[in-house]
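Q: Here is what each chain is made of, one letter per residue.
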Amino acid sequence: MTDHKTGTRQEWLAARLELLEAEKALTRRSDELARQRRELPWVRVEKDYRFATEDGDASLRDLFGGRSQMLVYHFMFDPDWDEGCPSCSAVTDGFAGSIPHFEHHDVAFVVVSRAPLGKLVGYKRRMGWDVRWGLVVRQQLQLRLPRDGRSRSGTS
Amino acid sequence: MTADPAVAPVEYNYKDQAQLEAENAAWRDWSGEQPGMSAFARDGDDVFHTYSAYSRGFDGLWTMWQWLDRAPLGRNDGDMSWFHRHDQYPATAGAPS
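Respectively, the protein sequence lines represent chains A and B.
Sequential numbering from 68 applies to the first sequence in the working numbering.
Sequential numbering from 54 applies to the second sequence in the working numbering.
Errors might be hidden in some of the hints.
[To be verified] Pair ranges (Cβ atoms, derived):
no.	chain 1	residue 1	chain 2	residue 2	range
1	B	133	A	102	30 to 38 Å
2	A	70	B	76	20 to 28 Å
3	B	142	A	100	34 to 42 Å
4	A	104	B	141	32 to 40 Å
5	B	77	A	171	35 to 43 Å
[As the list claims (entries may be wrong)] Which bits of chain B does chain A cover? Going by a derived footprint, with three or more residues having C-beta under 8 Å, they are:
no.	stretch
6	92 to 100
7	111 to 117
8	132 to 138
[Said to hold, decoys possible] Stretches of chain A that chain B covers, calculated by requiring three or more beta carbons in the stretch to come under 8 Å of a beta carbon on chain B:
no.	stretch
9	134 to 145
10	156 to 164
Simulated from the structure, these hints should not be mistaken for laboratory data.
Glycine residues also receive a C-beta, built at the ideal position from the N, C-alpha and C atoms.
Turn these sequences into a full structure, and let the hints steer you where they fit.
A: Written out as structure tokens, the structure reads:
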């Protein structure tokens with residue numbers, strides 16, 4: 068017998084409807100937050116980030132593949148590691164299937180790491196992911212939002 | 054994202070090394086990788102950085118947890134010893150108990 072509180076279907080429904088109001092409030096708040104996120108100022112990227120990819124060397128602009136937007140996931144893969152981070156692997160399990168949808172919504176999706184390209188390609192094949200995975204070669208892709216109001220992007 | 058001073062000055066989740074150490078002493082003697090996501094926009098040849106999030110800032114993008122949040126016992130993530138890469142679960146594990 069469970070130690071958890073139990074109840075009748077009617078009691079469950081009453082509690083569920085109460086929770087539904089809280090869920091709806093969160094959904095509306097989340098929609099509002101997404102709108103605020105889209106209102107952040109855009110910061111021009113001045114640094115010439117370079118990536119090694121399966122299709123050859125690429126700039127940050129090249130990674131867009133002609134699309135107007137791009138999402139980048141920094142996957143933890145230390146150059147000394149032989150396999151990627153387990154948590155990042157689970158995150159990738161989650162988004163890999165969505166990439167065709169992103170690409171048909173004018174959004175490129177790229178995974179970047181610091182490990183040698185051969186390790187990245189071997190690992191993605193092992194895990195069965197059809198993702199574009201690039202090695203950051205020239206600059207660490209570490210972009211900061213300005214704290215002081217001055218426009219600033221990138222660091223090396 | 055790397056937290057290796059030999060690669061780049063340490064900054065994570067909009068905090069520098071001193072702030073990170075003040076919040077969690079584990080940052081003091083540690084260097085390595087941390088996850089993050091960023092968004093960019095392109096207008097012709099111009100590229101703009103529009104968004105970045107780190108740590109639990111993209112909790113919602115780790116979809117496994119969103120499903121487990123709706124399971125009766127939730128994430129139950131105090132003990133993560135159960136968790137592996139998807140091809141490294143023992144053949145006998147994952148069966149109903």
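Q: Evaluate each hint against the coordinates.
A: Do the hints match the structure? See the list:
no.	hint	in the structure
1	B:133 to A:102: 30 to 38 Å	holds, 34 Å
2	A:70 to B:76: 20 to 28 Å	violated, 36 Å
3	B:142 to A:100: 34 to 42 Å	holds, 35 Å
4	A:104 to B:141: 32 to 40 Å	holds, 35 Å
5	B:77 to A:171: 35 to 43 Å	holds, 41 Å
6	92 to 100	holds (count 8)
7	111 to 117	holds (count 4)
8	132 to 138	holds (count 3)
9	134 to 145	holds (count 12)
10	156 to 164	holds (count 6)
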